[in-house]
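K.L.:
Please model the complete structure; the sequences and the hints are all you need to start from.
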Amino acid sequence: MKTYDIEVAGVKRELPVIKISDGLSIASFVILGDTEIVCAAAVEIVKRLPQVDFLVTAEAKGIPLTFEISRLLKMKKYIVARKSIKPYMDSPIVDEVVSITTQAKQILVLDEQDALEIKGKRVAIIDDVISTGESLSAIERLVEVSGGNIVAKAAILAEGTAAERDDIIFLGKLPLFNE
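Number 163 in the working numbering belongs to position 163 of the sequence shown; there are no gaps in the numbering.
These are computed hints drawn from the structure, not numbers from a lab. Treat the numbers as computed from the prediction; the structure is a model and nothing was measured. Take the hints with a grain of salt, since some may be wrong.
Claimed, not checked - No farther apart than 30 Å at their CA atoms in a straight line, the calculated lysine-lysine pairs in the DSSO-like style are these:
no., residue 1, residue 2
1, K121, K86
2, K19, K83
3, K173, K12
4, K47, K76
5, K12, K74
6, K76, K119
7, K86, K119
Unchecked claim - Quick list of the computed label-pair ranges, beta carbon to beta carbon:
no., residue 1, residue 2, range
8, V17, Q113, 21 to 31 Å
9, K86, S137, 19 to 29 Å
10, D166, K47, 11 to 21 Å
11, I107, V30, 14 to 24 Å
12, K76, E14, 34 to 44 Å
13, L73, M1, 29 to 39 Å
Every residue, glycine too, gets a C-beta built ideally from N, C-alpha and C.
P.N.:
Listed below in structure tokens is the structure:
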């Protein structure tokens, strides 16, 4: 199996290169269950964030990173945009997204109560990897519709052309493998 070596926040990983479509492969960076890289990356991201009132992430891979950043910032809560409408949600706010890893239409949903909490507040959007920016854009729209003020967008890694963006905070770059 082809692999790609990376070092982020002093932590080294050997990532498998996985084909996700005809002609395109990615270095698979999965933080779920990787306490070491989540904790190291969170410390570095916190150093780069402006003052924020809330952190928002998409379900599911950004959750452990967002939790650790919120813990370091001594926040009482962070917000997760869910991938489905839950029965407890009253008047959910919904947006659609197609990301590089799912390659199918998905929804992202903010509960009305979460939307009310971020209204007028400084918000940082957190993710594990930003690639095409589609998921990030969907979360941005949810935050904006809710009246939140986006002051930062951060991820552990920027993939492909996302690494050329100057509007995101990231700790390392991942290439795309075009075959």
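K.L.:
For each hint, tell me whether it holds in the structure or not.
P.N.:
Okay, the hints, checked on the actual structure:
1. For the given pair, K121 sits about 24 Å from K86 by alpha-carbon distance, which is consistent with the 30 Å threshold.
2. With a CA separation close to 24 Å, the supplied pair K19 and K83 stays within the 30 Å bound.
3. Pair hint K173 plus K12 holds up; C-alpha atoms about 13 Å apart against a cutoff of 30 Å.
4. The hinted pair formed by K47 and K76 meets the criterion: a straight-line CA distance of about 19 Å does not exceed 30 Å.
5. Distance hint between K12 and K74 is fulfilled; the C-alpha atoms sit about 28 Å from each other, no more than 30 Å.
6. The straight-line distance between the Cα atoms of K76 and K119 is roughly 17 Å, inside the 30 Å bound, and the hint therefore holds.
7. Taking the CA atoms of K86 and K119, the gap is about 21 Å. The hint holds against a cut of 30 Å.
8. Roughly 41 Å separates the CB atoms of V17 and Q113, a value that falls outside the hinted 21 to 31 Å.
9. For K86 paired with S137, a C-beta distance near 23 Å keeps the hint of 19 to 29 Å intact.
10. Distance hint for D166 and K47: a CB-CB separation of about 18 Å, consistent with the stated range 11 to 21 Å.
11. With their beta carbons about 22 Å apart, I107 and V30 fall inside the hinted range of 14 to 24 Å.
12. With their beta carbons about 37 Å apart, K76 and E14 fall inside the hinted range of 34 to 44 Å.
13. Taking the beta carbon of each, L73 and M1 are about 38 Å apart, inside 29 to 39 Å as hinted.
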